[in-house]
Amino acid sequence: MVDFWQKSRTIYPSVFRFLVGIVFLLDLIFTLSNSFVFNTDFADYPNMGSTIEFLRENYISFYLIYGLVLVLFILGIGKKIVSAAVFIFHFLSIMIVPSLTNWGDTIMKFTLLYFIFVDSFKYLSVNPTHSDSRNLKLYISKLAVWSIILNLFLVYLSNSVYKLFDVDWQNGYATFFSFSQFLGVKSSFFYPIISNEFLSKAISYIIVAQQMTFLPLIIWKRTRYFAILLGVLIHLIMFFQFGLWKFETIMILLYGFLLNDEEWKNLIPKNLKNKLFQSS
Amino acid sequence: MKPKRLLFALFVLYWAAVAGIAFFSFDFRYQFRKTQLSNFVPFGYSMFTPMTKTNFDVSYEFFQDGNSFRTVSMQDYLNKESAKGITNVKSKSLKSQIYFEQLYQLDLAYQKYHYAKYQKAKKQNFDSIIVQDELLKTITLNLKNFAKLYQTENSFSADSVQISVKRSPMVLPYNPDYKGDYTYLAGKGIFYETKLNLKEQ
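Sequence order for the protein chains is A and B.
All you need for our numbering is the position in the first sequence, starting with 1, plus 755.
All you need for our numbering is the position in the second sequence, starting with 1, plus 2.
Hints may contain errors.
Simulated pairs of lysine-lysine, DSS-like, Cα-Cα distance not exceeding 27 Å [to be verified]: (1) A/762 <-> B/6; (2) A/892 <-> A/877; (3) A/834 <-> B/86; (4) B/86 <-> A/941; (5) B/94 <-> A/941; (6) B/6 <-> A/835; (7) B/92 <-> A/941; (8) B/6 <-> A/877; (9) B/190 <-> A/941; (10) A/941 <-> B/181; (11) B/181 <-> B/168; (12) B/6 <-> A/864; (13) A/864 <-> B/36; (14) B/82 <-> B/168; (15) B/6 <-> A/892; (16) B/86 <-> A/892; (17) B/82 <-> A/941; (18) A/835 <-> B/190; (19) A/762 <-> B/94.
These are calculated hints, taken from the structure and not from any lab test.
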């Protein structure tokens, strides 16, 4: 257990910054291309105060600046100031269009808050950092990465506790009801599966068990890859079935923090490792 | 105290507070959620799934000179948007989120209203409940906004549109007699109706 926390994690924060920046930028471009979202004739949102109303009126300028900040973030320019700006813009964008916010955005809000303190500029950055391992800033970065991991554990733990006390999860009915919330479920590949009592209940109990055991299975080295692969599989199913592409991508990207540098070095192909992840 | 120890102590305190709020604070968690501090301290993630045991559809009946000439189902519209292919995924998802996915909140309010009526506790009507709630008001405004968007996308003229929101409790295929939720008592049918004059828009 101590081993899980003590191993250094300096490679993945850079990969995460790069990938999450791209996910956010793509989402921003696709959202902006659907102008009805911001047209007051076609979409209403709850009143969130004068600042948010001002940003709603000037959404083009807001999102253009946000897009520029994301480009700087992806390139690793501006370091932690830009990381802080990404958090602020993400926070404001949640309030501008609250109907478009899902749990992925809430999880990311806290992740980005902690990520401000993470040194994610060692790799995949225009101007890489060269920090001393005894440096206090590096220690803060380590605590921030731990916070991102703890936040991910909190997601699973609090969900499993909720599910344990929920009557639909106890009866095994929740899988059918959860799938049935989405449009077009009857024509889905999963409909015959969730309509079968045994399979539907088995899936419900497997999901509760997966969420309850996520933390110990991740911390124990022998089951770590299994737990990650199972989690990725569940998120990929939801990605294709429910179309929650942003939420599922964010969850899969967060899993990367669960592996340490040694584990990442074993996974990254040698030529890519030599090119992009050589220790500075 | 050494800076690293101080930082570690603050880190432990912060996460002890998070765990305390998320797992041991009972109803305080919901009060904490309304405070500004909740933007910086996660209070747990009870992703209420399933959020509802009710299926919905919204019917839009367009009128010209007093005659109904077109009826559109929002479910059909969104399903057709999905069928348009990968380039339409985001557009469909945004329309679903703005116009459709919040309907469960309106239905929850309806179920509470229905329960109060059943218990003969309140004499308030459903429309006045909606007007007093910012979120419900927004949901009903967006139901009207969809009619305007549909009209613009399909370029036709209409005098008015009748909007009807239908509810239908989900039926478990392997246990069709399951009635373990108030939604089954509230029943199947139209639970919210409104009219929009499109000439004034």
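In rising order, the numbers of the hints this structure does not comply with | Result: hints 3, 16, 18, 19 break, sorted rising.
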